[in-house]
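Protein chains in written order, with the numbering used here: chain A, 1 to 314; chain B, 1 to 314.
A hint or two may mislead.
List time: in silico DSBU-like cross-link candidates among lysine-lysine, alpha-carbon distance up to 30 angstroms [stated by the list, open to error]:
1) A:K147 - B:K285
2) A:K193 - A:K147
3) B:K121 - A:K169
4) B:K169 - A:K275
5) A:K289 - B:K169
6) B:K169 - A:K147
7) A:K289 - B:K95
8) B:K289 - A:K285
9) B:K95 - A:K147
10) B:K285 - A:K42
11) B:K289 - A:K147
12) B:K275 - B:K50
13) B:K121 - A:K256
14) A:K256 - B:K147
15) B:K256 - A:K169
16) B:K147 - A:K169
Calculated directly from the structure, the hints in this document are not laboratory data.
Residue-level listing of the chains:
2 protein chains.
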Amino acid sequence: MYIGIDLGGTNIAAGLVDDSGQIISEDSVPTLKERGYKAIIKDMAELCEKLLRDGGYKMSNVTAVGIGSPGTIDNSSGTVVYSNNIKMHNVPLVKEMQKYIDLPINLENDANAAAYGEYIKYGEGVNSFVFMTLGTGVGGGVILDGKIYRGFNGAGAEIGHSLLVIDGKECTCGRRGCLEAYASATALIEQTKEAMSENPNSKMHEFAQQNGGVNGRTAFTCAGLGDEAAIRVRDRYIRYVAEGVCSIVNIFQPEKFVIGGGISHEGEGLLAPVKEYVYGNDFNKYMPKTEISIARLLNGAGIVGAAMAAKNNG
Amino acid sequence: MYIGIDLGGTNIAAGLVDDSGQIISEDSVPTLKERGYKAIIKDMAELCEKLLRDGGYKMSNVTAVGIGSPGTIDNSSGTVVYSNNIKMHNVPLVKEMQKYIDLPINLENDANAAAYGEYIKYGEGVNSFVFMTLGTGVGGGVILDGKIYRGFNGAGAEIGHSLLVIDGKECTCGRRGCLEAYASATALIEQTKEAMSENPNSKMHEFAQQNGGVNGRTAFTCAGLGDEAAIRVRDRYIRYVAEGVCSIVNIFQPEKFVIGGGISHEGEGLLAPVKEYVYGNDFNKYMPKTEISIARLLNGAGIVGAAMAAKNNG
């Protein structure tokens, strides 16, 4: 048995995971990220102990623990080199965690862990697998020949930071025009708000009011109701996503490309037009095409991937 | 000993290559690409025989033959699935060549072969290596863990077909806004001609006249002479290249990134500003940076890479 921990900006989620990547049980506690990393790590360890206790297991039943964390990760030393989301700089996360849990512990970037979880559950055996999350940012994970691709320095697979618009919008990374600045849920919310202020009669105003404000669903839902302004936002946003997928497909020609993150809950409404654009515009006209699909593990991907990366060492 | 063949649109170049990747001798004949592939393949075989004869060798001294060809390649079956440059569609190049030469023959995409040549000579041992050529198009080759990365269908590593400008210039691949449409030598010549027609007093007119027309050096050379219009063309072009490199660095975080092709002859004049831009704008702020350099094998890369891919099976 393995434990997978998905360390997020809002919650610490953890689960007991069996050898095949099935979640046995899961639980979570708030991250309270302002506390600093020592208290957070202590809570991570306590969450593991609680999971075991609740399931009637002992630490000796566990082979290894895997952690997925935001930020730039040094997998070999188990260090969070830098994370902006939960403020960490050169934090020896594995070493700190081993003060509480005396087991092998593997640390991955959270997007890599989620990618690995989807790969293990729904992509195992494919020679190349790309995962893209449309969430707060645009995260990425690439699995080649069954291994997490990290680049020579551990910072690879940042597919959200490939260009979409030269001299375009400023990105969180400091560069201008990255895919993330257009195709993240954050960007979609911004695009929705802009359209709302330009279209005071749009249905999006009412929808936002009923749903506690503008979110990633506002434009998609109102577009489905025929609202013209929402249709323009949705279609333009889908085009951004499709262009990003198309570039990555041309570069990797992966056997599978999986889209996850909050916006992926739109399902076919997102997937169908993305596939249509990519299959009509990708470079490869003569060989079999990449299979493009929506993530299936959703929030569990981070837990499963972290646990299975600890099992297989990614 | 190995034979490497670089099948180009203008010339067929071939060389005898020793076990370490050193060219012993080389020769070439015109491709005359309109003839159709059967006559071209016969000439490729005769060029191999001539090289051996001239060097006092026999076919029995050769372990294997490698070919780098433009187009989409099926490495496993030795087929050119499609090439637009030399018109070929489902040509069983290896089988046809083996009618003349009874040896193991390996077929690669030409950009992959050139990348592998540079890797073997100047990158061996690095865990990740990206090669980008600025020539007629923007070609790419990616070597991961010592193996040519081809994607699941053999059509991978088309880094020239990642996006630079959404809704931008039409690319040869049919999509709009690809890096290739801005950063190829072809695109630079187009950009130079546009600037010349807008600037009748530019030194570029005289330079072009003295050099048989506008070419990839026109803007760079005249910019070096202080010509304002040429400086604008050069600096904008370098920015295009730098943005392309930056996206690929964010995706792969390769240990080495090598720029080849005709425009790479500009050397430091191209390399220094590209490095400055990439190191100032890439996503990775905390880990060691990718080493970016200019190709060193130049035209020999295709021969060496084809031969060494035949030796190591890429």
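Results for each hint:
1. A:K147 - B:K285: Given that 30 angstroms is the threshold and the Cα spacing comes to 24 angstroms, the pair holds.
2. A:K193 - A:K147: violated (40 angstroms)
3. B:K121 - A:K169: violated (40 angstroms)
4. B:K169 - A:K275: holds (22 angstroms)
5. A:K289 - B:K169: holds (25 angstroms)
6. B:K169 - A:K147: violated (37 angstroms)
7. A:K289 - B:K95: holds (26 angstroms)
8. B:K289 - A:K285: violated (35 angstroms)
9. B:K95 - A:K147: Measuring from Cα to Cα gives roughly 34 angstroms; hence the hint is violated.
10. B:K285 - A:K42: Given that 30 angstroms is the threshold and the Cα spacing comes to 28 angstroms, the pair holds.
11. B:K289 - A:K147: Distance of about 22 angstroms is within 30 angstroms: holds.
12. B:K275 - B:K50: violated (43 angstroms)
13. B:K121 - A:K256: With a Cα-Cα distance of about 33 angstroms, the restraint between K121 of chain B and K256 of chain A is violated, given a limit of 30 angstroms.
14. A:K256 - B:K147: Within the cut-off at roughly 20 angstroms; holds.
15. B:K256 - A:K169: holds (29 angstroms)
16. B:K147 - A:K169: It is violated: about 37 angstroms lies between the C-alpha atoms, which goes past 30 angstroms.
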